[in-house]
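Engineer: Given chain G, put chain Y in place with the hints provided.
Protein sequence lines correspond, in order, to chains G and Y. Going from the first sequence to this note's numbering is simple: count from 1 and add 19. Going from the second sequence to this note's numbering is simple: count from 1 and add 19.
A hint or two may mislead.
The calculated lysine-lysine pairs, modelled on BS3-like cross-linking and capped at a C-alpha distance of 25 Å, are [stated by the list, open to error]: (1) K90(G) with K29(Y); (2) K29(G) with K75(G); (3) K75(Y) with K32(G); (4) K43(Y) with K43(G); (5) K90(G) with K116(G); (6) K145(Y) with K32(G); (7) K75(Y) with K43(Y); (8) K188(Y) with K29(G).
Covered, in the sense of this in silico footprint (three residues per stretch, anywhere, with C-beta under 8 Å from a C-beta of chain G), are these stretches of chain Y [stated by the list, open to error]: (9) 47–57; (10) 76–88.
Everything labelled a hint here was simulated from the structure, so no lab data went into it. Backbone N, C-alpha and C fix where the C-beta goes; we use that ideal spot for every residue, glycine too.
2 protein chains.
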Amino acid sequence: MNYYPESILKLIKSLSTLPGIGRKTAERLALHILHAPMHEAEAIASDIIELRQKVKLCSKCFALTDTEHCKICSNMNRDGSIICVVESPTDMAAIEKSGVFKGLYHILGGALSPMDGIGPDEIRIKELFLRARSNDIREVIIATGTDVEGEATASYIFDNLKILLKNLKNRDMIISRIASGVPMGGDLQYVDQVTMQRAMEGRRGF
Amino acid sequence: MNYYPESILKLIKSLSTLPGIGRKTAERLALHILHAPMHEAEAIASDIIELRQKVKLCSKCFALTDTEHCKICSNMNRDGSIICVVESPTDMAAIEKSGVFKGLYHILGGALSPMDGIGPDEIRIKELFLRARSNDIREVIIATGTDVEGEATASYIFDNLKILLKNLKNRDMIISRIASGVPMGGDLQYVDQVTMQRAMEGRRGF
Chain G
20 MNYYPESILK LIKSLSTLPG IGRKTAERLA LHILHAPMHE AEAIASDIIE
70 LRQKVKLCSK CFALTDTEHC KICSNMNRDG SIICVVESPT DMAAIEKSGV
120 FKGLYHILGG ALSPMDGIGP DEIRIKELFL RARSNDIREV IIATGTDVEG
170 EATASYIFDN LKILLKNLKN RDMIISRIAS GVPMGGDLQY VDQVTMQRAM
220 EGRRGF
Chain Y
20 MNYYPESILK LIKSLSTLPG IGRKTAERLA LHILHAPMHE AEAIASDIIE
70 LRQKVKLCSK CFALTDTEHC KICSNMNRDG SIICVVESPT DMAAIEKSGV
120 FKGLYHILGG ALSPMDGIGP DEIRIKELFL RARSNDIREV IIATGTDVEG
170 EATASYIFDN LKILLKNLKN RDMIISRIAS GVPMGGDLQY VDQVTMQRAM
220 EGRRGF
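So here's chain G without its partners, still in its complex pose (with noise of 0.2 Å):
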């Protein structure tokens, strides 16, 4: 590689920090980068800069944002009587390509994982409750990974709301979990036990 000058052996560095660029492929996107026109490559490092200072989380239910609340927080169509949590920013986008969820979402951040040092505080579960004491939310749904620590987390949720509901006398609210099963255009065969158990046990009337 020592052929080629040093701004561009640094550039090819730089860009193979990126997840899934390797060392050949970063070599292709900084001679791109280098014929490209002047205002493409310009676009791409500016962008950059940009997101970084812009980017920061929704006052209200820590989504990303350029504003003090998120376009969904802030779309007066949206059904605010509905929370839906999820771990990450990306889970919420999976749910938002879906396409069929129409109330507001919080996001916590993580899920619990005692062994890693996660516990409720370092997640935004207090959070969740504070916006849960309203009076506006009619249904949580907990929307957290189907992993252990995903699991673990709506257990604790769930139970916690249980308790808050209880001393919020008068208080009327459905907390669910989204569905556990077979994948659609999944092949049976292919199904792993514990999802079969689940799907088993999640039966639903014809």
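Structural biologist: Relative to the frame of chain G, chain Y by itself:
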């Protein structure tokens, strides 16, 4: 995608202009850049700007460089009496990777292609002839591509170097062309007809 803030959408869009980076990969890269250490994100941006400001062409061989002469031209261990003529810096990189060539290069910046309006004046052929006039040059290896344009360029250079040599009496110089034939490790049954013809024509005594 409109659940992401504007500054993320902007970066996704500008990253999508890179070759081999689709919308989904761009989304993943943008979210990585958002969560990466600040110095890594800044390095990518500043390295892009630096690349565009500093990289120019070597005044001798027209390779990419950020100094007056490129690393190869300014390396005293390289043999200045052999010039290898290539179309592009990436072709030069391919030869350098093989590690077999110890001379200098001449980067044409393209190949003759009358259909696209690229004649001898559009690429750096004049500059090559100027270098070839020097008595120091013992050999010119023509390593343009083996497609129609590359072959035509090779013929043009060969013919005109011959005329040049005739005019410069008592001037001795070898003009060679890289070998064409069956790639190493290649299965003969998959070799195309033209390559096979070349391999037979170019056969050598054992």
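Engineer: With reference to the structure, classify each hint as holding or not holding.
Structural biologist: Hint-by-hint comparison with the structure:
As the CA atoms of K90(G) and K29(Y) are separated by approximately 15 Å, the hinted pair is consistent with the 25 Å bound. Our distance criterion of 25 Å between C-alpha atoms is broken by K29(G) and K75(G), whose separation comes to about 29 Å. Straight-line distance between C-alpha atoms of K75(Y) and K32(G) comes to about 20 Å, which keeps the hinted pair within the 25 Å bound. About 20 Å separates the Cα atoms of K43(Y) and K43(G), which keeps this hinted pair within 25 Å; it holds.
The straight-line distance between the Cα atoms of K90(G) and K116(G) is roughly 15 Å, inside the 25 Å bound, and the hint therefore holds. A C-alpha spacing of about 36 Å is found between K145(Y) and K32(G), which places the hinted pair above 25 Å, so the restraint is violated. With a C-alpha separation of about 33 Å, the suggested pair K75(Y) and K43(Y) falls outside the 25 Å cut-off, and the hint is violated. A threshold of 25 Å between alpha carbons decides the hint, and for K188(Y) with K29(G) the separation of about 48 Å lies outside it, so the pair is violated.
Note: the stretch 47–57 of chain Y has 9 residues with beta-carbon separation from chain G under 8 Å; the three-residue rule is met and the coverage holds. Coverage of a stretch by a chain is defined here by at least three residues with a beta carbon nearer than 8 Å to that chain's beta carbons; for the stretch 76–88 of chain Y and chain G the count is 5, and the condition holds.
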